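Number of protein chains: 2
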Amino acid sequence: MRRVKIYDTTLRDGTQAEYFSLSLADKIRIAEKLSQIGIHYIEGGWPGANPRDRDFFGEIRNYNLDSSLIAAFGSTHHKDRPPESDPVFQELLISQAPVVTIFGKSWNLHVKEVLRTTLERNLEIITHSLRYLKPHVQELFYDAEHFFDGFQADPEYALKTLEAALAGGADCLVLCETNGGALTSKVVEIIKAVQARFPEAPLGIHAHNDGEMGVANSLAAVELGVSQVQGTVNGFGERCGNANLCSIIPGIRLKLGLDCVSDDNLRRMSELSRFVYEIANISPNRYQPYVGRSAFAHKGGVHAAAVKLNPRAYEHIRPELVGNFRNFPVSDLSGKSNIFLLAQTLGLKPADHDAAVQAAAEKIRELTQNRHQLKEADILQTILSKVKELESQGYQFEEADGSLKLLVFASLGKGKDYFRMLSYRIVDQKVGDIEAPVPEATLRVRVGLNEVHTAALGTGPVDALYNALLKALIRFYPRLVEMRLEDYKVRVLPGATGSTAAKVRVFIESRDAHDRWGSVGVSHDIIEASWLALVDSINYKLYKDEHPSLGVAS
Amino acid sequence: MRRVKIYDTTLRDGTQAEYFSLSLADKIRIAEKLSQIGIHYIEGGWPGANPRDRDFFGEIRNYNLDSSLIAAFGSTHHKDRPPESDPVFQELLISQAPVVTIFGKSWNLHVKEVLRTTLERNLEIITHSLRYLKPHVQELFYDAEHFFDGFQADPEYALKTLEAALAGGADCLVLCETNGGALTSKVVEIIKAVQARFPEAPLGIHAHNDGEMGVANSLAAVELGVSQVQGTVNGFGERCGNANLCSIIPGIRLKLGLDCVSDDNLRRMSELSRFVYEIANISPNRYQPYVGRSAFAHKGGVHAAAVKLNPRAYEHIRPELVGNFRNFPVSDLSGKSNIFLLAQTLGLKPADHDAAVQAAAEKIRELTQNRHQLKEADILQTILSKVKELESQGYQFEEADGSLKLLVFASLGKGKDYFRMLSYRIVDQKVGDIEAPVPEATLRVRVGLNEVHTAALGTGPVDALYNALLKALIRFYPRLVEMRLEDYKVRVLPGATGSTAAKVRVFIESRDAHDRWGSVGVSHDIIEASWLALVDSINYKLYKDEHPSLGVAS
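Chains as they are written, first to last, in my numbering: chain A, -16 to 537; chain B, -16 to 537.
It is worth saying that the hints were derived from the structure and are not from the lab.
None of the hints are false.
The list that follows gives simulated cross-link-like pairs (lysine-lysine, DSS-like), each with its CA atoms no further than 25 Å apart:
| # | chain 1 | residue 1 | chain 2 | residue 2 |
| --- | --- | --- | --- | --- |
| 1 | B | Lys143 | B | Lys95 |
| 2 | B | Lys486 | A | Lys486 |
| 3 | A | Lys175 | B | Lys238 |
| 4 | A | Lys169 | B | Lys175 |
| 5 | B | Lys143 | B | Lys169 |
| 6 | A | Lys397 | A | Lys369 |
| 7 | B | Lys169 | A | Lys175 |
| 8 | A | Lys472 | B | Lys472 |
| 9 | A | Lys238 | B | Lys169 |
| 10 | B | Lys486 | A | Lys454 |
Okay, the calculated bits of chain A under chain B, using three or more residues with CB under 8 Å as the criterion:
| # | region |
| --- | --- |
| 11 | -5 to 7 |
| 12 | 280 to 286 |
| 13 | 503 to 511 |
Quantities reported herein were computed from a predicted structural model and do not represent experimental measurements.
All residues carry an ideal CB built from backbone N, CA and C; glycine is no exception.
For reference, chain A alone in the conformation it holds in the complex:
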């Protein structure tokens, strides 16, 4: 089976994306993860251009990345200085990276206007740069910058630059679609021309996404036989980004059936994507192909029913192959079949639960027209109405499974009040510009027959309130010590008046040793919205611990 090697440039080209910045420690952690997932080459940076990148190459030598090779990136040597006396160029050797990738100019416009030299001199620079490095490195790649634009401007000259790179000893000619706007048909045509001229030369592809064709262009190149694909995790990169490896790697394995990373590592693709978003502190794109949280979400009732019968009906691959999962979000667009599936996961048994979902959904729709005929149908209808009503107030349950399940238990008459808030008060005071603010919360709650009154400080008002609440509850519910808040998100909903008066939605993700769950609260007051989400989070923890047989835990 033909093998395609992956060259990741998240740590170099990826960091050219606006809002995407990585510290040295971040870069080391991402390199480790890429290595664990079997990425063949990891480009660490441009040591001559960026001091932080220089540090990376020093530091990464302390790590064992057995399945990956580290690459250093750099330009051809300075037009007026030979390699030996070009300090930026020399950094490539100082980096001690086993792989070096040199980029050079393919486009006559760039040679003349940006590099400001002659076409002939550019060819010499390419050859000399590579020839100088060749004895010092394990593998040597040539990135032909703007190759596709260059070929369209002057095909003969663009091909000559590749000839110059081969003469310098390049192990792979990586054709770069730097400006990212080429059509797939054009990419195919030009790669074929290169292959006609250099039938023996190993080729690579480095595409960008400015025309939203980065993945298609990369996969088209692979179909034509290129052996190296450059890209970034989640497609981070300058402007609209680089070609997205989280889509390219599954494409190579699952669509083209070629060797690339192992099946086990392919199943870590969603993990890799989320890891990099997390480190960069960027909200994941939930619609991202293969790895996004919505990538296998079937919101339409008809689709959800069909997928339950046969996932191939509306899924191009099985989500588990890339470590993702199918989901059936709740929404007012969804048919009853989504609710049916939700009810099943909650241990309910709606009518005809042994029949196919479509038939059951039909049945429930029919039954709910006569609301008193069947209790389970009533319950589903009640849940649907309640969800709709709360959604109209700004709630969203798609990630707040904890809040949603509590709502379902309440509709079943199985809800439980573990505690009741009597009052809370937040005082947050700041004196002058220098002193830190002092947020304090006082809280009165009733737990059974006990009334508890606590006070606590925090780093902010919500933290103070959370601390006061835990202080009040922990002696009654000691297992709350197992709970951790993993994420706290605030979304401002559109308001009619000035924006500080708008409604906010707070979403909290919590976990313990066994489960993760989400909860949600909505209010004009951010403290109240946070309080509501905190209460749901704690109630869900207590409820699921008390009802292990319900199978409510995810």
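Fit chain B to the supplied structure of chain A, relying on the hints for placement.
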């Protein structure tokens, strides 16, 4: 020039996206916008499946959408009921839409497992459905659902379904890549086979993005000659979304040079994209091709310098063609040339400002090695260091231009304190589950020689604080009445401990009649972070009004 017509399904297929919901009013507003931009067909919904969609067709008749035709979507008639007695099917006529699009099954798997009928009966249903509608509509389209999967499973049968649609009178056969995972090469191969069989039939393409190839597949189909492209604004849609019209339309106009929308309307593509994000209350994807805020952002110093010389160096199209703009974000990765451009926009005149930027950047780099030689270079260095320091605390200035400019004025020794906070105190109290919380702020500020002490309520604590601040300042600075807070965003930064203790970044967007500006604040305490952003927002308003000659307003 060959013409390609655009069929927008944002209002129908788009709303199948998780987290993307539109009210009836939203749908009307989007339809109006699509019409203004010259989109040829606007699919309003599936009137038989969704009561809200039925209302849409009733309401939209009150609007004059002169350049667009409204389309109603529906399935073929029920397998056991003729069109006349199928109530879902009848809704298509009730809708009075001038265009109707019927989808039918092309894939034998779907016919058998989902539709649950025979292959032969499916063909009859397709023909009968279309034939029944034909006399009642202006144009009649056939969506061949799962055509590409169907063709791969059984090419002869898939072609027969198209034949059945032509027999029923379909004006266009729209080939649907419903599961979204087909490679571009496969799409090309199959369209060629359809064209070989039906050389006269007008074809359309409806692609999804599950393999991240929705745009490439659509444009490949256009290159082969299809005359209709279906897609959605921003690529919203079930799972990973539909093919993105905001990339396809520029591709058709600027890459393929075909007739589609006018040049004037093409320049409204960025506006269209943001309008739909805004209505759906979804944060825009800033990396989105063509229309994203980062689509023409040149963060790397080398790229920024080259683009200043010749935009073609790193831009595949001129951003203004799609109503977008070039930007040079500030970041620690950026070379001095970005700061140089920033300084220019602030009315500074760094050394060699008449020379090319590259030369100037070189010069500044050289000068800043000797920090006391040139004052302007010092200032740039000071700004760079301050920005870096604040970024390490969690600040981001890429959208907070107001805060950034204030920082620059301060570095120039041109800052001004319009007021000074002496202390504030927030009290937010809630009693029981039912009563609304009562957030109250008290504030002491000094303005010149006056000390002002105010108190105010608000819908939430930040709103109360803002009200107290305006109350304190308005009699000294009456022009603050012109100011509006347009957006208020909270981002939780990753924290070492439990998440309610994490740092938050607050971003505020403000405007008056002339300008818009952003400001930012970071703290562990959300109230303090909001305070800092509010203060910057007000200071920037006061500063710019006082210094019209500085040209600081955007």
